[in-house]
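Enquirer: Protein chains in written order, with my numbering: chain A, 1 to 304; chain B, 305 to 477.
Keep in mind the hints are simulated off the structure, nothing from the lab. Beta carbons: idealized from backbone N, C-alpha and C, even for Gly. Possibly wrong hints are sitting among the right ones.
Estimated spans, in silico, between C-beta atoms of each pair [unchecked claim]:
1. B:Val322 / A:Pro58: 29 to 35 Å
2. A:Pro214 / B:Leu334: 42 to 48 Å
3. A:Ala230 / B:Leu334: 24 to 30 Å
4. A:Ile119 / B:Ser361: 24 to 30 Å
5. A:Pro206 / B:Glu352: 36 to 42 Å
6. B:Val383 / A:Asn121: 36 to 42 Å
7. A:His142 / B:Ile382: 50 to 56 Å
8. A:Leu94 / B:Val322: 49 to 55 Å
9. B:Val322 / A:Pro218: 37 to 43 Å
10. A:Ile282 / B:Val322: 25 to 31 Å
11. B:Glu352 / A:Val77: 42 to 48 Å
12. B:Ser361 / A:Lys146: 37 to 43 Å
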Amino acid sequence: MIRGVFSVVLLSFFLAGTPRFASSEPASSDSLTVEKKEGKADFIIHHIVDGDKIDFEPFGTIVLPKWEPIQIGSFQVDLSPTKHTVFLWFNTFLILLLALTAASAYRKNSSGNFIPSTIGNLFEIMIEFIRDDIAKPMIGEHHYRKFLPFLLSAFLFVLVSNFMGLIPFGLSITGNINVTAALALVTFLTVHIYSGKSYWKHIFLPHVPWGLYPIMIPVEILGMFTKPFALAVRLFANMTGGHLVILTFIGLIFILESYYVALLSVPLALFIYLLELLVCLIQAYVFTMLSGVFIGMAVQNEEH
Amino acid sequence: MNIPALILLEGGLLDPHVGTIFWVFVTFLLLVFILQKFAWKPIIHALEERQARIEESFKKAEESNKEAARIMAQFDQIVAEASEKADVIVRSARDSAEKIKAETLHKTKEEADKLIATAKAEIDQQRNSMVLELRQEMVGIIISVAGKVIETNLNDEKNRTLVNNAIQNLSGK
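Chain B on its own, in the form it takes in the complex (with noise of 0.2 Å):
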C-alpha cells in the first residue's frame, strides 16, 4: 500500500466517477426542494410567528404594565381624597356630636333648676302654711291649757297678747 496506489490508481480515492456525481447532484436537489417545501418553510413560517407573537406580547405586557402604574396612581389619589373628605366628615360630626351634647346638658340643667325651684318654692309654701296652721292650732291649744290652769281672765285681751308675745318669741328663736 503506497501512496500512490491510495490516491491515483484506478478505484483509487480520487477517481472520478461521473455518475456518483451525477446522482449525488440530482438527489441533492431533490432533497432540498422537498425539505424546502415541506420542512423548511412551515417550521421558519411557526418560528417567525412565534418570535412576532413573543415580541408582541412582552410590548402589551409592558403596556398593560403601565396602564396599571397609571390606575395605580388614579386609585391612590382617590384614596386620599376619600380619606381627606371622611376626615372633614367625622371632624363636623364630632363638632356637631359635641354642640347637640352642649346644648343638652344646658337645657337639662336648667330644667332641673326649674323643677328644684318649683319644689323648693312648693315646700317653703306648705311649710308656711304649715307653720301657720300649727302656730293658730298651738294658740287653741295653749288657750285652753291656760285657761285650765289659770282659770281666771282667760278671755282678757291682755293675756291673749300676752301669750302671743310669748309665741312670737318661741318661734323668733
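Chain A extracted, bound-state conformation (with noise of 0.2 Å):
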C-alpha cells in the first residue's frame, strides 16, 4: 500500500510538472539567462507559500473568496480564506472525524469493558504515549490530567497537518509562519493562564546574587517570549525545509531541462520524502513534547 502512495506522489509530480515542461522552448545554452531560471522554478515557491488560490492542475484551481477586510482601530485585518485556511478546516475536519469515530464507543461504554477497534487502538496507543511519555514525566503527576487534552490535540493536530504536506494535492499548513505562530500563541497563553507562583519568582526573583538582576531579569523576561518563538520557528522551519528539498530535486528537472536529470532527482526526492516521514512524526513529538516542558516548568510549584 505504500509503494502505492509513493507511486501517486511521483506520478503527481510528473503531472504536474509535465504541462510546463512540454510547454517551455527547447533549451539552448546561450538563453539560459538567471530571470529564466526565475521563471521555471517559480512553482515552488508557489507550491509554499499562502495564496487565494488552490491549485489542483491539472484538474482544475479553485479560486478562493475574497471578503471585505474588517477594520480594528487603524489596522485592517484580512479574514478572507486562503488556500492554508481551508486546508486547516479540511484538517480539522478530518481529525474530528477520525477522532469522533475513535470515541464513539468509549461513549457508548465508559467502562472500557470491550476489545478497542483498530482506529481505537490507534488513539489508545497515542494517549497512552502522549500521556505516559510526555504529560506524566513532563508535567508531572499532580498537573498532567489538566494538560493533557491539550498536549493531545497538539500533538494530532500537528501530527496530520504535517502528514497532509505528503499526500497528492495536499499541503501541510504548519509549513506556514503564521499556522505555527498561532499555535505557539496557544502554548504561550496556556503557560501563562496557568503559571503557578514559581514560574514568575524565577523570571523575577531568579536565585542569583543581587548584583545580576539587571542582566537576569531581561533574560528572563526574553525567554518567555523565545520560548514559543522557537517552537514556531521550529516545526515552520523543518516542514518547509523538507518541501522545498523535495521541490526543488524535482524542480532540477525542469531548470536543467533534461530528462536524465530524472534519474538522479527523482530517486533523491524520494529519499527525501522518506525522511520527511519522519520528520513529520517527529515534529510532532517535538512540538507536543516541548509544550509539555513549558506548560510544567510554569505549574510546577516546588523550587528548584
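The task is to assemble the complex, starting from two chains supplied on their own in separate frames and drawing on the hints.
Expert: Put into C-alpha cells, the structure is as follows:
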C-alpha cells in the first residue's frame, strides 16, 4: 500500500510538472539566463507560500472568495480564506471525523470493558504515549490531567497537518509561519494562564546574586517569548525545508531541462520524502513535548 | 529565485498574515475543546477504568492463589489425617479378624476333638459289646461242636472251664 502511495505521489509530481515542461522552449545554453531560471523554478515558491487559489492542476483551480477586510482601530484585518485556511479546516474536519469515530465506542461504554477497534487502538496507543512519555514526566503527576487534552490535540493537529503535505495535492499548513505562530501562541497563553507563583518568582526573583538582576530579569523576560518563538520557527522551518528540498530536486529536471536529471533527482526526492515521513512524526512529537516542558515549568510549585 | 525573494518579499515565506493566525487560533481552540469533551475524556476515562480493573484483577488473582494454596494445605492435612485414621481402622480390623479366626479355629478343633472322642468311645463300647456277644456265641458254638465231637461229659464243669481257658488264651493273643 505504501508503495502505491509513493507511486501516486511521484506520478502527481510528473503530472503537475509535465505540461510546463512540454510548453517550454527547447534549451540552448545561450538562452539560459538568470531571469529564465527564476521563471522555471517559480512553481516551488507557489507550492509553499499561502495564496487565495487552491491548485488542483491538471484538474482545475479553485479561486477562493475575497471578503472585505475588517477595520479594527487603525488596523485592517483580512479574514478571507486562503489556501492554508481551507486546508486548516479540512484537517480539523478530518481530525474530528477520526477522533469522534474512535471515541464513539468509548462514549457508549465508559468502562472500557470491550475490545477496542483498530482506530480505537491507534488512539489508545497515541493517548498512552502522550500521557506516559510526555505529560507525566514533563508536567508531573499532580497537574498532567488538566493539560493532557491540549497536548493530545496539539500532537494530533500537528501530525495530521504535517502528513497532509505528503499526499498528492495536499499541503502542510505547518509550513506556514503564521500557522505555527498561532499554535505557539496557544501554548504561550496556556503557559501564562496556568503558571504558578514559582514561575513568576523564577523570572523576577531568580536565584542569583542581587547584582546580576539587571541582566537576569531581561533575559528571563526575553525567555518567555523566545520559547514559543522557537516552537513556531522550529516546526515551520522543518516542514518548509523538507518540502523545499523535495520540490527543488524535482525542479532540477525543469531547470536543467533534461530527462536524464530525473534519474538522479527522483531517487533523491524519494529519499527526502521518506525522511519527511520521519520528520513529520518527530516534529509533531517535539512540538508536543516542548509544549509539555514549558507547561511543566510554569505549573511546578517546588523550588529548584 | 534568490533568497530574499523567497523569504522577505510580499507573499514570501515569512510574510505575516493576521487572518491566518486568527483562523488557526480560533479553529485550534475549538478543536481542543471539542476533542476534550467528546474524544479524549471518554477514551482516557475508559483507559483509566481498564487499568484500574486490570490492577484489581491482578490483586484478586493473587488473593485467590493464596486462598487456593491455603485450602490445598488444609486439604493435604485432612487427607493425611484420614489416611492415618484409615490405617488404624484397618489394623484394628485385621487384629480382630485374626483373633476371631484363631478363636474359631480353636473352637472348631475342640469340637472336632470332642466328636472324635465320642465317636471313639462309642466305637469302643460297641466293639466291647460285640466281642462279649461274640464270645458268648462262640462259647455256645464251641460247646455244641465239642459236644458233638466228644459226646461225653460235656456238661462237666471241668470241661467248660477248660474251654473257657482256651478261648481266653485265644482272645488273649
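Enquirer: Does each hint fit the structure? Answer for all of them.
Expert: Hints, one by one, checked against the model:
1. As the Cβ distance of valine 322 of chain B to proline 58 of chain A is approximately 34 Å, the hint placing it in 29 to 35 Å holds.
2. Checking the proposed 42 to 48 Å range against proline 214 of chain A and leucine 334 of chain B shows it holds: the Cβ atoms sit about 43 Å from each other.
3. As the Cβ distance of alanine 230 of chain A to leucine 334 of chain B is approximately 26 Å, the hint placing it in 24 to 30 Å holds.
4. For the pair isoleucine 119 of chain A and serine 361 of chain B, the beta carbons lie near 26 Å from each other, so the given range of 24 to 30 Å is met.
5. The hinted range of 36 to 42 Å is satisfied by proline 206 of chain A and glutamate 352 of chain B, whose Cβ atoms lie roughly 38 Å apart.
6. Between valine 383 of chain B and asparagine 121 of chain A the beta carbon distance is about 49 Å. The supplied range of 36 to 42 Å is therefore violated.
7. In this structure the hint that histidine 142 of chain A and isoleucine 382 of chain B lie 50 to 56 Å apart at CB holds, the actual value being about 53 Å.
8. Roughly 25 Å separates the CB atoms of leucine 94 of chain A and valine 322 of chain B, a value that falls outside the hinted 49 to 55 Å.
9. Our hint of 37 to 43 Å for valine 322 of chain B and proline 218 of chain A is violated, since their Cβ atoms are close to 28 Å apart.
10. The given range of 25 to 31 Å is respected by isoleucine 282 of chain A and valine 322 of chain B, whose C-beta atoms sit roughly 30 Å from each other.
11. As the Cβ distance of glutamate 352 of chain B to valine 77 of chain A is approximately 43 Å, the hint placing it in 42 to 48 Å holds.
12. Remark: the range hint 37 to 43 Å for serine 361 of chain B to lysine 146 of chain A is contradicted by a beta-carbon distance near 29 Å.
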